[in-house]
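Please arrange chains B and C on chain A, whose structure you already have, making use of the hints.
Spelled out from the first residue to the last, the chains are:
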Amino acid sequence: MGIASAAFESLWNEYVLWSALVGGFTFIWMAHHSLTYRSKDGDDDWVDVDGIEVGVFPKHNDNITLELAWTIIPFILIVYLTWISWGPINDVWADPSDPASQYGLDCTDPAADSNKCHHVIDITAQQWFWSFDCGELGPSLCDSSQYQDLNGTTVPVLSLKEGEFYLANLTSLDVTHAPWFVEFGVKEDAVPGLDTQVWIIPTCEQADCGGEEGESTLLLCTEYCGDDHAYMAAIVNVHK
Amino acid sequence: MSDDHDHDYDHHPSPWGPHDWSHGAPHNSFAPLVMSIGIGIFLYALASVFVGGEVANLGALSGVMLGIIVITIGLLIWWRQDMSFDGTYEPKATGAPFRNIDLRKIAMWVFLMSEMMVFTSLFSTYIRYRLGIPNCEEVFLSGEWIEGTSVVCFEPAAHLIASSWFHLAPGAANTFALIISSFTIVLALKTAKMSNKKYADRYEVELSDVHSHRSRKVAMFLGSTLFLATLFLTLKMIEWFVGFPTPGPLTELNHGHSEIASLYSEGYTIHASAYQHHAYDTAYHGGHEIPHDSALYSMMQAGTHPGGIMMADIRVGASTFFVTTGTHGMHVLGGMIGLSYMTFKGLRGGYGPSNAVSIEYFGLYWHFVDLVWVLVFPFFYLF
Amino acid sequence: MKQNSLARILVLLIVLGLALSVAPQADSLPNGIIGQSEKGCTCHGAVPDAGVTPSIEGLPTTFNASTTYTLTISFSGGPSGQAAEPHNLGGFNLATSSGILEAVDDTVKIEGDQATHNGIDDDLDGNGLQDAIEAGGEAIISGNDYTSWLVNWTSPSSGSSTFTLAVNSVNGDGKASADDAWNLMSVTVAGPSTGAAVEELQSADPFVVLVTLIFVSGILLAAVILYTFYRVSPDGFNWESFAPWITEWLTSTDHKKVGTLYFLAGFFFLGVGGIMAMLIRIQLAVPGNDFLTQDQYNQFFTMHGTTMIFLAAMPLINGFANWLIPLQIGAHDLALPRINAMSFWLQPVGAILIFTGVFSGQAADTGWTGYAPYIVSETAHSGTTMWVAGQIMLVASSTLTGINFLTTICSMRAPGMGWMQMPLFTWSIFVANLMLFISIPAWGVGLIQVYLDRTIGTAFYHVASGGDPLLWSHLFWYFGHPEVYVVILPAFGVISEVLSTSARRSVFGYRSMVYAMAGIGIVAFIVYGHHMFTSGMSPTLRFVTMLSTMLVAVPTGIKIFNWLKTMHKGSLVYRTHTLWALGFLVTFTLGGISGMFFPSLAMDTHLHETYFVVAHFHYVFVGGTVFGMFAAVYYWFPKMSGRMMDEKWGLLHFLTAFVSYNGIFWPMHKLGVLGMARRHHTWFITTDDYTNIPAEMASWNMFITVSAFIFFFSNFILVGNMVKTIVSGEKAPADPWGGWSFEWMTSSPPPTPSFDPHNPPVLHDANEHVATEPTIFGQWFESLMMPEDETEGIH
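Order-wise, the sequence lines are chains A, B and C.
Each residue of the first sequence is one higher than the one before, counting from 1 in the working numbering.
Each residue of the second sequence is one higher than the one before, counting from 1 in the working numbering.
Each residue of the third sequence is one higher than the one before, counting from 1 in the working numbering.
Honestly, I wouldn't trust all of these hints.
[As the list claims (entries may be wrong)] With a cut-off of at most 27 angstroms between alpha-carbon atoms, the simulated DSS-like pairs for lysine-lysine come out as follows:
1. B:K236 / B:K92
2. C:K724 / A:K40
3. A:K40 / A:K59
4. C:K569 / A:K59
5. A:K40 / C:K569
6. C:K670 / C:K724
7. A:K116 / A:K40
8. B:K217 / B:K190
9. C:K724 / C:K648
10. A:K59 / A:K161
11. B:K198 / B:K217
12. C:K648 / A:K40
[Stated by the list, open to error] Quick partial rundown of chain A residues pointing at chain C, CB under 10 angstroms, derived from the structure:
13. L11
14. F75
15. P88
16. V186
17. V198
18. T203
19. C204
Calculated directly from the structure, the hints in this document are not laboratory data.
Note that CB positions come from ideal geometry on N, CA and C, so glycine has one too.
One chain only, chain A, in its complex shape:
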């Protein structure tokens, strides 16, 4: 099972690779220098390279070439990492009214392309439970009638179909909450007085639809909202 989403995983792997390289480079350098340049016999035996003396500003110790090098090279790396992070932003914040976006228009919209359209559902947050509203969507696309026990609390169950695109309209009736679809790797704040949205793209890689492991995925609240913040969860099922 992958973590979060395909976009997340590929970015994650790339970042971990570069982190390991940069980290490794730094630590090897540090290990080398901290061992090689030890003082041989303690305090008194050292070569005064920079004129260290109390009350005297020591000689400058610099090398413009090196300093430029480790300004420019990390900068290039940063630009590269930013560049690869750019594309997946569209996955996260596609414009729902743009027919050319990868999620198309709302499927109920007559102008929508039936091969590339999204379904709209409503998620309402309040202290301390979630309410899902599938609207007009049929039970095979979205079902929110079930409840399940989760470690002593009863939580709602949301069933979605794999491969479909869902746009969740988020609202809150009291304080700020945030649904985190853990296995899909998306979250967005549900802010009172503000309408926010989040795209949910369930797949069977993440949710293991009806597999050996726990077939349900969790939705957790990830914006602190008071007493039962930890128990404000939901179950999200994905079926084929």
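Below, chains B and C without anything else, positioned relative to chain A:
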């Protein structure tokens, strides 16, 4: 110059004051500790008096008073140490870029930078809400309301205050008061800096009398500044809570009203969740006809809107108004406290050319307060 | 003499006053010590309602040992009365602190040690009619079709038993919603009071534990102070000598004394914050734990964050800044000594305000970030107002500190010390304070808005009136992000000093170090949106913030590489401070790298508010700031105390702390990615029903808890070392490590005043071609300044 209160302060300046400034700044002072404790008591008690928008425990007001008393004691200790300051210790900066400028002046400018951030944040809040929440006048004219149900809208105080010259009078008077007070503080500084000879010539005073005469004159200017600041806050309180009667012969000009209502009596308060005003009454609308090109007018003509008086939740607008102008008022109050001390010191003969620069430090603060008002006034009272 | 007794009386009053203000309030029973079913009936989505009346009948006034009683659990009121049919009327949960519960019939079941109704979901298609009836069959009776149930309770042999009953009144539709209502009740029954019975061990309320430990720490602190006083003058251990001594400390404006006071406060609160962390870790060691109730847990993590950042990290940094800035620039004191003392004293009083909630059990539970609208909602605890008030005092304190240090560093440098000849620690404090006093007033305004909202009832964050929660987020993070750079920059300064002195070289790339710090200081203000990527902020702003945040890695990287290059061709001497500096390089690099994952928006949507964030910021806070402060302690303590520390203890401290620290925070990265959210009272492991953290991965939480305890106790080695050093350490020379800056010219400890103001030290420069005039920028700036009026004549 030297005080003879304490016989052992030569080697052991008292943490209660007074202080011999030839030794430099005080090494010991009870003022910081006492003032901190006072502020803590004050904030604690204030939060016990008011909870959730209501008065929860009026008895805790005694705690608030206690806090103010302790803060005052701390301030008095501070001033007792400062009273003998006569300019013998006024260090100047070394090194670029402030070479040879008084340290305390640099500190005052740096402080004013942080104060600018305070008012910037208050203005940001105001702009965000002013532009983000629909204006009550627009909501009214759009017809999207029904009598008896509260709509959320932003009612700028200017709508009430700038509606007539009478309403504007206290605010305008305040503006003049502050500007003149900035002038009087400069006069105080100028007088304090005047050399003995020049002063003696100008005011025809014996050279030996110059110091006390000049200091008292400085106190007079400082006192005028204090008076103008007090006037400012008084007019503000009248404008907010009391209102005032229209001067008799001018009643005609005030649409026949014999009184100019305070903001409070017009219902413009931070708790106004059901604000109603004659300006939003279809029958009156401030004495003007509803504009014919507005949606409300069309709806009323078509019979789809019954008219009536709009009820509004204007709490956010009122909160930004009172807290921003209130914060400015707190700064004026702070200035008044400083001015009281300075006037007192001036009367006791404490100011002369050697320490006139202390007045300049205060002057910087005071000009800043004035400048903030010059920005607050149009943004909150006129627009 | 007269002054002495006056001072004495005043000191007594102040001590009494402080003691009284710290004493627990009258109503000190925290709301929330209910024991088990703290969750009440939010399980069903219901709202609490006083109109629902629960009752337990059949309880004796005093129970007999080991006797079975049949209890009738029932309720009246609530929406169950409106149900059309006698179905889906309600439920209950009964817990008892001792004794055994048993079901009498099928309508009740026992789960663990609690009794609850036995319900079946008899309306699977959710249309409000029982499926059995729809299918033409008989109605099914299930436990949730009743409003009263029978439960048997067998009493224990002694003690008393507290029953907690939660009832849920459902309106018959079988759907969990806010149309349902619930209520709680609690009743205690005492047992036989024969002395021979064995007392059951009650588990300690975590709040009681915390408060007790705070008092114990306070007493320890007082003991340390008295002991130090004794050592200072063994013959004068009497009140006559004590009063002036303590008065001196309470009133001093000398930067060295104020610095020491900051250290005392900082270390004290570091310990208190650590105790809170231990309690949190006990709670999180296993899944589904109830060592802390939700209510308590929420207060603990809020207070832990607040204490560590504002009452531990900032004071420790200020302690070093106070001690060292005047020494390093060759000044006799700070520019405004009394204001400096004021900055300090605002802190303990502010801390008392913040902690009043801890003593009443209603501490702030908003998280240290205090998000609106929760912070102004009624569900937030009453202690939140005091938390806000205390923070306002700390804002004032920080603003005054910023003004003081900025003025001092700009204006009181010794001859020969231009801007580009200042030690890097001084530079770091300068940039940090510049950031601090520009950013903190914005938060101060936000705090005042919240304080007024919670007291007099303004509507800044009242959503129904148009208030905007995002306004708070902007005001807070505009401060909050520069704040974290404020706490790390001084650590950078320390590391520069420590590494360069240890390696006997001057820091590599002094100029670029300065520009990097200045760059970080400026960029800090435009990246704060990265805390708000999922907040509903405008997408354009989010995107701009992503770009700027990625950029901030560049100056930070420059600094790390410069430090490494500093060691090149050096003669590194390994002291404890060296070890901590190298340890810092490891942990801060790791923390910085993990931080880079967040600006990548598609990853942030997964990682935000998880333990990955917790891992990152603890790596940079503890692995960065705290380790930097530890290095600073070992480096400058000999200068401040006049005695050398024990290097063996130092090595032991480093090894135990460094290893256990990584054991705490490294596993958190993975836990976060796998689904452990932060600020959660407990966490879930994968079961047959759903996927979350795998059970084998989850056991890392226990490992983290154990490591946390080791780390906590390892720091006592440092405290012990400091005490031992003061008592019996070897006398320290003026310059034990071979540093070049001015503090090493003075004696250890330095005299008061630190330097003669009329005869400051002069900084020489080993470089040839040193500019003696300011640069073009400096000249231009100077041309803007108006020279002082030559007074027309003095008297």
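These are the hints, each one checked on the structure:
1. B:K236 / B:K92: violated, 40 angstroms
2. C:K724 / A:K40: Violated. K724 of chain C to K40 of chain A sits at ~30 angstroms, over the 27 angstroms cutoff.
3. A:K40 / A:K59: holds, 23 angstroms
4. C:K569 / A:K59: Holds, at about 14 angstroms.
5. A:K40 / C:K569: The given pair, whose Cα atoms are some 12 angstroms apart, holds under the 27 angstroms limit.
6. C:K670 / C:K724: This hinted pair is violated, its Cα atoms lying about 40 angstroms apart.
7. A:K116 / A:K40: Outside the cut-off at roughly 71 angstroms; violated.
8. B:K217 / B:K190: Distance ~11 angstroms between K217 of chain B and K190 of chain B Cα, so the pair holds.
9. C:K724 / C:K648: The hint holds at about 13 angstroms.
10. A:K59 / A:K161: violated, 69 angstroms
11. B:K198 / B:K217: Measuring from Cα to Cα gives roughly 14 angstroms; hence the hint holds.
12. C:K648 / A:K40: holds, 20 angstroms
13. L11: Holds, about 5 angstroms.
14. F75: Since chain C brings a Cβ to about 5 angstroms from F75 of chain A, closer than 10 angstroms, the hint holds.
15. P88: At 3 angstroms from the nearest chain C Cβ, P88 of chain A passes the 10 angstroms test, so the hint holds.
16. V186: V186 of chain A check passes; min Cβ-Cβ to chain C is 5 angstroms, inside 10 angstroms.
17. V198: Because about 8 angstroms separates V198 of chain A from the closest Cβ in chain C, which is inside the 10 angstroms limit, the hint holds.
18. T203: Since the shortest Cβ distance to chain C is 14 angstroms, the answer is violated.
19. C204: violated, 13 angstroms
In this structure, the hints that do not hold are numbers 1, 2, 6, 7, 10, 18, 19, in rising order.
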